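2 protein chains.
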Amino acid sequence: MTVESGTRRNGVDLEAVGGLVRAVTDDATSAQTTWAAHVTWKDAFASEARVRTFAPTASDEPPAMGGGDTAANPVEQLLSALGNCLAVGYAANASVAGITIDALTIDVRGDIDLRVFLGVAEGHAGFDSITADVTLLSEAPREAVEALHAKVLSSSPVGHTLGSAVPVDVRLAS
Amino acid sequence: MTVESGTRRNGVDLEAVGGLVRAVTDDATSAQTTWAAHVTWKDAFASEARVRTFAPTASDEPPAMGGGDTAANPVEQLLSALGNCLAVGYAANASVAGITIDALTIDVRGDIDLRVFLGVAEGHAGFDSITADVTLLSEAPREAVEALHAKVLSSSPVGHTLGSAVPVDVRLAS
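Protein chains in written order, with the working numbering: chain U, 311 to 484; chain Z, 311 to 484.
All clues stand as given, with none of them false.
Which copy is meant is left open, so a pair is good if it fits within one copy or across any two.
Calculated lysine to any residue pairs in the SDA-like style (CA-CA distance at most 25 Å, straight line): (1) Lys461 with Thr335; (2) Lys461 with Ser340; (3) Lys461 with Thr415; (4) Lys461 with Ala431; (5) Lys461 with Gln342; (6) Lys352 with Phe364.
Keep in mind that the hints were calculated from the coordinates and are not lab data.
In this text, all values refer to a predicted model and were calculated from it rather than measured experimentally.
I would like the entire structure built from these sequences, with the hints used as guidance.
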């Protein structure tokens, strides 16, 4: 992706995004994508995840969870993924809508009752709920920013994955 | 966390984990935890997430998505979080069960139809399904490893978050 490749807004290459939209409109099968991550356990609660050719990202638990405290833990990584996904959504949709973003921060929080993870209760081990507080600075009219917000909510891959019951099949190799 | 702090298996401090289990058994309110991540948009589809005092982790989209390809994207981060969470689950529960893990890898995959994200269709923008293929090497009896696997599935915070419809409230500051 080079600066010469097309018109940009918020740094987003509008021609590249437009081309992607046309491609999936013309051929729905091109919209079918598969994503992957490869995790290797290291020691205790430390592991690392590899994605494509990027350097592995570390994972660990805080001392209060009995971990070595060397990196964000998996539930924090999940909240990070949501915030990053929303950021892409605002950047992409703002750019298409002609809105310039001056600054954007997203604070994501969620509560977990650890008893299920720790084996002292049964039921839902995950987040009870998740909130994301978005601060978007722009000179665009409030109405346009609210329409942008609605568009992001209706189209966030990570947001919809968390907000829906997605089949998760964890298979143990024999 | 020091090596002297207690008996270890798979590197896991069994006394620390046992203490945590006792604490939440004695006082359920101590199991109520809040986690957070703070995301800052950088430019185009690049952002970064801060968790506690760790260095920020980068996020971007691949060139095929119109991104700068500097880091794993949010949906790959979500799959990474699942794999890392399962790794903690196997390590913790194996250690408590007296199972020594020789090696553990988890390959996570999921499919997304990009049309909703790209605004050319409505509906579910997230993963249709997610699979995790677990390879766990251990000299423990197969039956014990399968019981461990069942325990991990019943207690994974990220696994349960993805497998359930969790309320996600994204709020735009006024």
